[in-house]
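Visitor: Those protein sequence lines, which keep their order, are chains Z and D. The numbering of the first sequence is the working numbering, which starts it at 1 and goes up by one. The numbering of the second sequence is the working numbering, which starts it at 1 and goes up by one.
These are computed hints drawn from the structure, not numbers from a lab. Among the clues, some could well be false.
[Stated by the list, open to error] Across the chosen pairs, the derived CB separations fall in these ranges: (1) W138/Z with G170/D: 41 to 49 Å; (2) G112/D with Q19/Z: 46 to 54 Å; (3) L273/Z with G170/D: 29 to 37 Å.
We treat Cβ as the ideally placed atom computed from N, Cα and C, and that holds for glycine.
In case you want the letters, here they are:
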Amino acid sequence: MEKLKAKVRLYWPLIKSLQTALLLTTGLAGYMSARCPVTTIPTMLGLGISLFLSISGSTILNMWYDRDIDAKMGRTAKRPLPAGLLTPKEALTAGLLLALIGVGIAAAMDAIFGLIIFAGLFFDVVVYTIWLKRKTAWSIVWGGISGGMPILAGRALGTGTIDLIGIALMLAILFWIPTHILTFSIRYHTDYRKAGVPTFPSTYGFQFTRGVIAISSVLAALAMGGAGLGIGMAWGYLRLMAVLSAGLLVLAIATMVNPSERVNFGLFKYASLYMLGSMLLVTL
Amino acid sequence: MKQISILDRILLLATGLLAAYQIIVGVEGASTLAQTSFTITFGVLLVAGLLLIILGFEALDSPVVVIVSTLIPLSLSIGLVTKYFAEFTIPYLIFAIVGLLAIIITRYKTPGKAAVMVLMVVHGISGLLIFSLPIVLALRGVTNGGFALVGVGGGLIGIGGMLLSFLKAGKPILSRDIILTVLPGLLLLMTAAFVAGFALG
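Chain D on its own, in the form it takes in the complex (with noise of 0.2 Å):
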């Protein structure tokens, strides 16, 4: 397996800054559910970049991996529809928690087949939205056009999400190799892309 280097470290150790930073500022008029769920996003890719720095590439090894790199996309959608679309709150948090629920219960219980369809299902609806809200609002002139940076952000987190999800459910899309390699820069970027949209928007 590919051994994480210093220029690795280095790339998450600033990712890990930058969630830092972004957690202590907040996104500014979030209520406290959309708060608490930017947090979510950023607590998540801080201790995972603390945690990959430590234990290298192999702590991807953990099943819960599969889990955490859900939450991830989960979670900054559960903040943008409760800020941005308040009255579809309540239906989309049921559908993340349910999708959650179903993505761990799957994972432990009956792997395979039924497993990765949950997953598809679940990434593809949070990663959508991640993607195309920030875009779509930004167009319309509800929020300021830096705010498209979080869609971009939420493109580079679908591929990474995406591509994590389907090499630790055994269907993978690139080789072990190249996902390890690329992936220190890609939580880079879609960090800085998410700080950088929420600090312009």
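Extracted from the complex, chain Z is given alone in its bound form (with noise of 0.2 Å):
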């Protein structure tokens, strides 16, 4: 017993937990977006499982292929691979295992999910971290249409199609990507650049970034909204959607004119409490 607790131990930081549970949220939002304000209890479940696998086994693939720069930068040096925890082959069986579960679990409930779920660890796993990652730092596009899968793959199991709803959820959640990836892209910077991966602050500076950051900020602002609207979201919970939207603007537009740490990792923290947030209202 104590061996399994020592295992998982060292298993649970390669799944990025709370990225995995944010994702899982997108995709149950998707979901509940559709069928509120009934809900099937067992399709939930199967959702969950499904995409909690697929998630944390896409995660874990990553950080088997990035081991070799994880192990150049602070932030990432001490996770359970670079600090030789476990070993590559362990990682990689756990991946592959927990990916192929999920997948199949979502195909046999459901096509359609099953082939956007596939997608989403395709683009992440393949196109994101083993293409483009170290090529261009246009890459974390790919990484935001991966990020948008599951709830896109929550409609879509939902409404049984993939409706323009489903699209614009999942536009909201690859325009609200760049706010969070490049808000962290600018506080560990030189770690990026230590190890040799392009970003965009490194290959077209602070300002650049941060124009692009509040621009997609507008933009996640604007899907969530058309998202909302086309639910047909009450009018109450539009406005509390419009006034987190405009503290999000706020924020990106202070990043640009008054520029400092705190305010960067005040917009990274408050994008998170965002999509929360709008995935709950998305629920109601």
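Make the complex out of the two chains shown on their own, each in a separate frame, by following the hints.
Guide: Here you go:
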């Protein structure tokens, strides 16, 4: 039992639990946006399990592939793989197994749902991590597209098709991800430079990056608002969403006008809260 | 500087949740302009609460704080005037816009006595309105008695806004640490008074 606990403690950091939880939340919100107020508990469980496994599997595969650059960055050097606490083979096996089971369950539940989950996994591991991450700063677009797949998958599972609202929800996540990732890459730009990973701050400079963050925040808010209208969200909820979006926009502009580490970090944290809040409103 | 504590964060979160609730339910019978004004009031309270939780009291070092702390009484007073004294909407809206612009301009272009004077006038008038209007309306029977609670909230926000604004203007009424100690509780109390007042009114 102790051995198992020790293993779980080693594998747990590999799945980036907070990020996985946030993506899982978007998937559940996508489904509930179609089925509210009535949801099917067994389907919700299947959705949750398949998403959790495939997102975790995908994250472990990313960690497995990026273990060499993780070892070069102070922030990530203590992760189980670069620290030598787990062997690459163990991580690869775990990642493939989880991803396979996750996609398998998803495909068994619904073909479109399974296909979207697989597409998310493919874009994240193959296109983003293996192909583009070390070549171009624009790789985050593919990271964003894969991040938008859980909510699209959840919506597709609920409606049985890929509709405009699902695409708007996916776009909201796609445009929100630069706000999240770019503030992070500004905070840890020296780490990324040391590891040789091209980022927006190292390729285009800080001011351009802040401009991209501001523009993507506006687009994320517009897409989220459009999806809210499409879902038929009540005016009160739309007002609250507009207020939360305005907060995101004000912070994004503040990072451009008066850049500082504190405001940048504030935007990073607020962006996560914004997404959680928006998902809650979508499900209500 | 005083560090933000767990209790402060809980009080600010409660403030944010109450403000979010008020934004969702809105104010019954309010016109679009009044509803928008009330949304700005509670939206500023919500976002400010979240930012204080995330960034701590250091967020209050920003020069924007003076403008934000003015925005709350100004937007609330616009909402009240528009809803209950519609004939004064345009003149008061002009006063509010000019007042806000004057605060922004004097803060950045001519800081000092002029900035403090402008702040006193705009804060004073809007604060007096949000304090007295709900109480007068409740006493006259135009609204239910519970609406007077909005006035109580107005009084509390007047105190909080003045404390913050004068602290930022370099003329503190109380020490910074005392203001930061009472601020989260004050924000929660006034938000609760607003929400209760609108619900009972």
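Visitor: Next, verify each hint and record whether it holds.
Guide: Hint check:
At about 47 Å, the beta-carbon gap between W138/Z and G170/D stays in the expected band of 41 to 49 Å. The hinted window of 46 to 54 Å between G112/D and Q19/Z holds, with their beta carbons roughly 49 Å apart. Restraint check, L273/Z to G170/D: a C-beta distance of roughly 33 Å satisfies the suggested window 29 to 37 Å.
Hint compliance for this structure: no hint is broken.
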